[in-house]
Amino acid sequence: MNIQGENKSRNNLIGLLPLWIVMGVFMIGPLIVMAFVSIMESNSYGGIHLKFDLSGYRQILFDTNLFDEMEFNPAYLIIIGRSFLLAVAATIISLIIGFPVAYYISRQKDSVKNILIFLVTIPFWTNLLIRTFAWIIILGKDGVIENSFGFIGIIGDDDSLNLMYTNTAILIGLVYSYIPLMVLPIYSSMEKLDVRLIEAASDLYSTRINLIFKIILPLTLPGIIGGSILVFVPCLGAFIAPDLLGGGKKLLLGSLIQFQFAYARNWPFGAAIAMVLLALIVTILYLNARINRRHEQNA
Amino acid sequence: MKLNAFKIFVYSLILGLFSFGAMAAGKLNLYNWADYTPDELIKKFEAETGIQVIVDTYDSNETLLAKLQASGGSSGYDLAVPSQHFVEIMIKEGLLEKVSGIKNMPNYKYVAEQFQGPSFDPNQEYSTPYQMGSASFAYRADSYSGTGSSMMEFFKPSSEICGKLAVFKSPEEVVNMAHLALGSSFCSEDPNEMQAVMDLLVEQKKCVAVYSSEGINDRLKSGEVIMHAHWDGYSQVGKWEGVDDLTYAYPKEGVVGWFDSLVMPKGAKNIEEAKTFMNFLMNPENMAILSNFAAYANAIPESVNYLTEDMKNAKNIQVPDGIPVVFGKACNKKAQSLIDKVWTKTMQ
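Quick mapping for you: the protein sequence lines, in order, are chains A and B. Per numbering that gives the first Met the number 0, the first sequence starts with residue 0, numbered consecutively. Per numbering that gives the first Met the number 0, the second sequence starts with residue 0, numbered consecutively.
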């Protein structure tokens, strides 16, 4: 390697130093603490004993029952499965709504485009907790929806749609919270889409369905995958929407972890579940990276 | 003599340290339950002592404990307000400072004799009384034909209640209420008894609309639910706020009692200010401000002279004759892990 090359790589190293420090302090550091806590013995009133113990991980699958017998315990797998399904459902709904929105925005004049994109990002100005509380008012008994339905006579005065405290309410909350994260990446790949390809397809008598599935979808796939991951990952660990809108009747991963730290005082177990959640997410990101690479090679 | 740059630097440093010290001397960081600290009380304290109070809130004993555990003596709080059993745990875990001379505080004499040197702090080295009350359930009497005379009305709700029932979010009080309903004892280590508790909770869950410990009165007011696990004083506040028919149940099996105290977390910086506040609150007039606001009873008998008429007539906090008040205990590891298992299985 010549001198210039060495200089360049050193410059790169120094230039990226702030990034490394931020990543190290705010991301890697806490993760190491978590990983460490997850392999320690729990103290009965919170905290840990400094003694190596893998029971945090064991407990995810095998646990003593009330009668102190070790048995296979599906409870946590059910909770993980439920979180997974809910996150998948929220992602699919976000995609179905977000894709046409992104397409519509990308077909507008530049000035209109900017306003629309600006509108999409507005919800981020307010805290997620407050926005989720607003949904309680919208979905709740005598809330905005019920009142308007009552006003136009779809439901009677004393009837209730019972929207709150259901899985539907959780899904609405999740989709609402994270849909901008779906729209923006898809929009950015739509922007890069060559309009001439669409015109060419139309000229060659492609049906609209074919146009969408053979031209637009494949070309915007990176955006779709990116958006799906941005929605899926936070949904998997979501805590606020299930808690406030779902009524806390069924534990999800996020609430299960919170329960271990705040109520059950079993920090190692809470940390172990958090590590499993992390492993799930890393796997998904890895798969995504592989798909992306293949996509680029094909392109 | 001319001041050179170095001297200026040193002087300003010393001056800075002094002013920092003076500022720190006038502050008190109070960590308390939400809706539990009347502005009036804080303003009066600030006016009388010149100490500035900063209030931060939590929603359960467990949250407080977790926070103190996690911060390891640097929570930054000078006072906190745990319930009796958590005082015991925190003493055992070394999370509290010993407060010297509580018994010699001028206002200590106002504390009712049966609350001096309570079982969780027999030598009165760590705590002074805050408020006390109970946990049970409350209902909208206009929409419910029951009388709230049995805990089973809460655990095996009638068809009127089913689907319009709400329960606390944390297992502690709920499991204790289930113990009362079943006649078993708190912190049970008997798997059969805990199995019975779990069966009861799972059965009840079919009728539960929501598990939450916040916004209880709002939920009852809107009619979203008509029965809710509740605290006596908080339900009284709900009644004052316009839910006239809100009735707190004193079932024959008993209610779960609690007794909150002021304690000083380990590493507290403003020790004298905290002690000033402890003494301030044991004054009957000040304690009455607290009771008038939060609607809970207190351990200072003379405070009754300063209670509002509303508070004197507060029906929800008057324990009827013959209804047992059973105080929550600190469970050992085995009992605690049984409670956790029961709760996780119920919520799975």
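None of these hints come from the bench; they were simulated from the model. Cβ coordinates follow ideal geometry from the N, Cα and C atoms, glycine included. Keep in mind that a hint or two might mislead.
Stated by the list, open to error - With beta-carbon atoms standing in for the labels, derived distance ranges:
id, chain 1, residue 1, chain 2, residue 2, range
1, B, Gln317, A, Thr125, 39 to 47 angstroms
2, B, Glu188, A, Ala34, 30 to 38 angstroms
3, B, Lys43, A, Pro17, 43 to 51 angstroms
4, B, Glu301, A, Ile121, 38 to 46 angstroms
5, A, Gln257, B, Gln317, 23 to 31 angstroms
6, B, Ile270, A, Ser54, 53 to 61 angstroms
7, B, Glu301, A, Trp124, 33 to 41 angstroms
Stated by the list, open to error - With a straight-line Cα cutoff of 20 angstroms, these simulated SDA-like cross-link-like pairs (lysine to any residue) come out:
id, chain 1, residue 1, chain 2, residue 2
8, B, Lys340, A, Lys108
9, B, Lys344, A, Asn72
10, A, Lys249, B, Lys97
11, B, Lys332, A, Glu40
12, B, Lys220, A, Ala133
13, A, Lys108, A, Lys191
14, B, Lys66, A, Ser43
15, A, Lys50, B, Ala69
Practice item. Identify every previously stated hint that the structure contradicts and give their numbers, smallest first. Key: 4, 5, 6, 7, 8 and 10
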